[in-house]
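Starting from the given sequences, assemble the full structure and let the hints guide the process.
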Amino acid sequence: MIRVQTEDFDVGAELKALARNGNVGAIVTFTGIVREFSGNHQLSAMTLEHYPGMTERQLAEIEAEARRRWPLDNSLIIHRHGRLEPGENIVLVITTSSHREAAFEAASFLMDWLKTKAPFWKLEDSAKGGGTWVAAKASDDTAADRWAASAKPARKVAG
Amino acid sequence: MIRVQTEDFDVGAELKALARNGNVGAIVTFTGIVREFSGNHQLSAMTLEHYPGMTERQLAEIEAEARRRWPLDNSLIIHRHGRLEPGENIVLVITTSSHREAAFEAASFLMDWLKTKAPFWKLEDSAKGGGTWVAAKASDDTAADRWAASAKPARKVAG
Amino acid sequence: MKLVYFAWLRERVGKAGEQVSPPPTVTTVGGLLEWLRGQGGNYAEALKDLSAVRVAVNQEYAGHEAKIGPGDEVALFPPVTGG
Amino acid sequence: MKLVYFAWLRERVGKAGEQVSPPPTVTTVGGLLEWLRGQGGNYAEALKDLSAVRVAVNQEYAGHEAKIGPGDEVALFPPVTGG
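Chains as they are written, first to last, in this note's numbering: chain A, -9 to 149; chain B, -9 to 149; chain C, 1378 to 1460; chain D, 1378 to 1460.
Note that these hints are calculated values from the structure, not bench results. Owing to the predicted nature of the structure, the values given are computational and were not obtained by experimental measurement. Cβ atoms here follow ideal geometry from the backbone N, Cα and C, with glycine treated the same way. A hint or two may mislead.
[As the list claims (entries may be wrong)] Chain A side only, calculated, beta carbon under 10 angstroms to chain C, not exhaustive:
#, residue
1, Phe(-1)
2, Gly22
3, His71
4, Glu75
5, Ile80
6, Val81
7, Asp102
8, Lys105
9, Ala108
10, Lys112
11, Leu113
12, Lys127
[Unchecked claim] Restraint-style ranges between C-beta atoms, simulated for each label pair:
#, chain 1, residue 1, chain 2, residue 2, range
13, C, Gly1407, A, Ala117, 39 to 45 angstroms
14, D, Glu1411, B, Ala128, 38 to 44 angstroms
15, D, Glu1442, B, Arg10, 42 to 48 angstroms
16, B, Arg10, D, Asp1449, 37 to 43 angstroms
17, A, Gly12, C, Ala1393, 47 to 53 angstroms
18, A, Asn64, B, Ala128, 25 to 31 angstroms
19, B, Thr132, D, Gly1446, 34 to 40 angstroms
20, C, Gly1417, A, Ala117, 36 to 42 angstroms
21, A, His31, B, Phe27, 51 to 57 angstroms
22, B, Ala35, A, Arg136, 56 to 62 angstroms
23, C, His1441, A, Glu75, 36 to 42 angstroms
24, A, His31, C, Ala1393, 23 to 29 angstroms
Given below as structure tokens:
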């Protein structure tokens, strides 16, 4: 499931609401949060712009790809947009599986692909005033690329 | 922080209670759950035996090792013991960091080392009656071994 | 053809989107980018470094060789930075 | 010396722990395991495959070469299966 929203989310509530079958042995969550500092600059807030329509389409494709690659029982991606202050939630990924390795790798994959494919852009408001568009990071491309080579499921590690 | 207990835990409540500084950009949680089936056998319950004293010592050492290897802001390990039914929580690991890669890798490391070093033993009660001690898995040793070679922190991927 | 712009590309072009009618010789993403750049002013400025421009056609990523036509929605934006 | 047993080792030995006084020639974990095995009965049965036995001395993992003495707590147990 995917959701794109301005409202905050509650990880505990999402975990409780998530359907899971009796053979789920592993649940991984990733929460991304606005940091107080960007490099040396203290942030007062950031604004996340996105491309309505394409965002939902990309997130759905990324989720489908994760479910092709790993034996997931369920998955959830929530991504916020609009104005967010330091400490606020930006993104949530949850994966459930029989196997911990699948849950870990799929969650990591979802974040890496989301970072490089989902059409969101961060505008940082400096505490001193003025806004700066965040530049894409080469390290994010590198992280995403490590999944490109192998379309096969990773080594399985039980429960 | 580590806790060894018979009582259940609530992931959402633990996340809310966890201290974090303003530069945390990534929180990963792993929850391990009792599965309904073990191979082909339906479980009615399992009992987790542990070695009081050594358990706490090992979990603290594993946590300290994770914090030497990755730039974590905070971490938490909760492991239950006693009788647990299918669907019940067994273990919780939380890691918080500036960097998502550190949070993911440290959580995965904590689970791999915990599985192979923390003195817990699972006795499965079959729905048909009788108990079976779970055998250690070679795949868990393999998973743990991949961290043995590199004492260095992994490649960093920002936020 | 509908064009939409995001992030600093939107700011540099000076609008969030517009209807355009390029000449019939413009049949690919690459051709469209060259034609837009040829409009000068804000367009030339916004598109001066094409390595920093990503393109989606009908909400799917597209390369410079991708075909485009009058009914398409073409989006221009910088590399994404969500997550 | 205090011995403690866990999981199926506890079941096979038939008790959770005991005080033992091995002879002074027993100075290592390996020596202790051989001496215990020599007690026959449940001990011989429980310790017949030493590759399935892990040892902790004073709550830290220890190899067969590790030194042990009268005041130590020595734990014998199968490979762990928590998590």
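Consistency of the hints with the structure:
Annotation: phenylalanine -1 (chain A) was flagged as interfacial toward chain C, and the flag is violated, the nearest CB pair being 15 angstroms apart, outside 10 angstroms. Here the hint on glycine 22 (chain A) is kept, as its CB sits about 6 angstroms from the closest CB of chain C, short of 10 angstroms. At its closest, the beta carbon of histidine 71 (chain A) sits 9 angstroms from a beta carbon of chain C; the interface hint therefore holds under the 10 angstroms criterion. For glutamate 75 (chain A), the suggested interface contact is broken, since its CB lies about 17 angstroms from the closest CB of chain C, more than 10 angstroms.
Restraint check, isoleucine 80 (chain A) versus chain C: the minimum CB separation of about 7 angstroms is within 10 angstroms; hint holds. About 6 angstroms separates the beta-carbon of valine 81 (chain A) from the nearest beta-carbon of chain C, less than 10 angstroms, and the hint is met. At a threshold of 10 angstroms, the smallest CB-CB gap from aspartate 102 (chain A) to chain C is about 9 angstroms, leaving the interface hint in force. Because the smallest distance between the Cβ of lysine 105 (chain A) and any Cβ of chain C comes to about 4 angstroms, under 10 angstroms, the interface hint for this residue holds.
Checking alanine 108 (chain A) against chain C by beta carbon gives a least distance of about 5 angstroms; that is within 10 angstroms, so the hint holds. Interface hint status for lysine 112 (chain A): upheld, as the beta-carbon distance to the closest one in chain C is roughly 5 angstroms, under 10 angstroms. With a least beta-carbon distance of about 7 angstroms to chain C, the hint placing leucine 113 (chain A) at the interface is held under the 10 angstroms criterion. Taken as an interface hint, lysine 127 (chain A) checks out: its beta carbon lies about 8 angstroms from the nearest beta carbon of chain C, inside 10 angstroms.
For glycine 1407 (chain C) and alanine 117 (chain A), the Cβ-Cβ distance of about 42 angstroms falls inside the hinted range of 39 to 45 angstroms, so the restraint holds. As the Cβ distance of glutamate 1411 (chain D) to alanine 128 (chain B) is approximately 27 angstroms, the hint placing it in 38 to 44 angstroms is violated. For glutamate 1442 (chain D) paired with arginine 10 (chain B), a C-beta distance near 44 angstroms keeps the hint of 42 to 48 angstroms intact. For arginine 10 (chain B) and aspartate 1449 (chain D), the hinted distance range of 37 to 43 angstroms is satisfied, since their beta carbons lie about 41 angstroms from each other.
Between glycine 12 (chain A) and alanine 1393 (chain C) the beta carbon distance is about 49 angstroms. The supplied range of 47 to 53 angstroms therefore holds. Restraint check, asparagine 64 (chain A) to alanine 128 (chain B): a C-beta distance of roughly 28 angstroms satisfies the suggested window 25 to 31 angstroms. Judged by the Cβ atoms, the range 34 to 40 angstroms given for threonine 132 (chain B) and glycine 1446 (chain D) holds: they are separated by roughly 36 angstroms. Against the hinted window of 36 to 42 angstroms, the Cβ-Cβ separation of glycine 1417 (chain C) and alanine 117 (chain A) comes to about 38 angstroms, which satisfies the hint.
For histidine 31 (chain A) and phenylalanine 27 (chain B), the hinted distance range of 51 to 57 angstroms is satisfied, since their beta carbons lie about 52 angstroms from each other. Checked against the hint of 56 to 62 angstroms, the C-beta distance between alanine 35 (chain B) and arginine 136 (chain A) comes to roughly 40 angstroms, which is inconsistent with it. Between histidine 1441 (chain C) and glutamate 75 (chain A) the CB atoms are about 39 angstroms apart, so this pair conforms to the stated range of 36 to 42 angstroms. Take histidine 31 (chain A) and alanine 1393 (chain C): their Cβ atoms lie about 27 angstroms apart, and the range 23 to 29 angstroms holds.
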